[in-house]
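Using the sequences provided together with the hints, build the complete structure.
Take the sequence shown: its position 120, counted from the start at 1, is 1122 in this note's numbering, and no numbers get skipped.
Among the hints, erroneous ones may be present.
[Unchecked claim] SDA-like cross-link-like pairs, simulated, lysine to any residue; straight-line CA separation at most 20 angstroms:
(1) 1051 - 1027
(2) 1092 - 1069
(3) 1100 - 1011
(4) 1006 - 1016
(5) 1092 - 1070
(6) 1006 - 1017
(7) 1100 - 1016
[What the hints assert, rightly or not] Label pairs and their calculated CB-CB ranges:
(8) 1007 - 1094: 17 to 25 angstroms
(9) 1040 - 1100: 43 to 51 angstroms
(10) 1129 - 1060: 34 to 42 angstroms
It should be emphasised that the hints constitute simulated quantities derived from the structure, not laboratory data.
Here a beta-carbon is modelled for each residue, glycine too, at the ideal position from N, C-alpha and C.
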Amino acid sequence: MGIKFLLFLPFLEIVFFILFGDVLGFLNTIIIIIITGLCGLRLLFPSNKLESIKEIGAEPLNWLCNRLAGIFLLIPGFLTDIIGFMLLIKPLRLIIWKFVPENIKNFTGSSYSSKESKRDSRKDKIIDADYKDLDDQ
1003 MGIKFLLFLP
1013 FLEIVFFILF
1023 GDVLGFLNTI
1033 IIIIITGLCG
1043 LRLLFPSNKL
1053 ESIKEIGAEP
1063 LNWLCNRLAG
1073 IFLLIPGFLT
1083 DIIGFMLLIK
1093 PLRLIIWKFV
1103 PENIKNFTGS
1113 SYSSKESKRD
1123 SRKDKIIDAD
1133 YKDLDDQ
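Okay, structure coming up:
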């Protein structure tokens, strides 16, 4: 399904562009495309790099969804903009998650909503390490 969607996406983008251009007008449509592209750039390249690094450690899925939303907003077209905005809204991410193929979902061995299973698997792991106190030298 993923390859078929990617091949069909440019056709859908042209259809949506014509429909929105007919309803909103050509100039307004171009302005909306430019504004969403600038929003996508802002999401891809945040001004505060330190907060971005902290977000990666605290909520990696949120960071990933924001970057994917930035990519989708940067691509000119209304369908990709809708997908990008859906990725920015946390409750709507589950809708998009349902359309992700199973082989991609299981690539990491975990799912989006199974945080408890991750915690259980961490309890079973035993890590053996030697340490050296550097203050005693």
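Evaluation of the provided hints:
Among the hinted pairs, residue 1051 with residue 1027 is inconsistent with the structure: their alpha-carbon atoms are about 38 angstroms apart, more than 20 angstroms. For the suggested pair residue 1092 and residue 1069, the alpha carbons sit about 14 angstroms apart, so the restraint of at most 20 angstroms is met. Simply put, residue 1100 and residue 1011 have alpha-carbon atoms about 18 angstroms apart, close enough for the 20 angstroms limit, and the pair holds. Restraint check: the Cα-Cα separation between residue 1006 and residue 1016 comes to about 16 angstroms, which is no more than 20 angstroms; the hinted pair holds.
Taking the CA atoms of residue 1092 and residue 1070, the gap is about 13 angstroms. The hint holds against a cut of 20 angstroms. A hinted pair counts as satisfied when its Cα atoms are at most 20 angstroms apart, and residue 1006 with residue 1017 qualifies at roughly 17 angstroms. Proposed proximity of residue 1100 and residue 1016 is contradicted: the alpha carbons are some 25 angstroms apart, above 20 angstroms. Taking 17 to 25 angstroms as the suggested C-beta distance range, the pair residue 1007 and residue 1094 conforms, at roughly 18 angstroms.
A C-beta distance of roughly 30 angstroms is found between residue 1040 and residue 1100, which places it outside the suggested range of 43 to 51 angstroms. Between residue 1129 and residue 1060 the CB atoms are about 22 angstroms apart, so this pair departs from the stated range of 34 to 42 angstroms.
The structure does not agree with the numbered hints 1, 7, 9, 10 stated previously, though it agrees with the rest.
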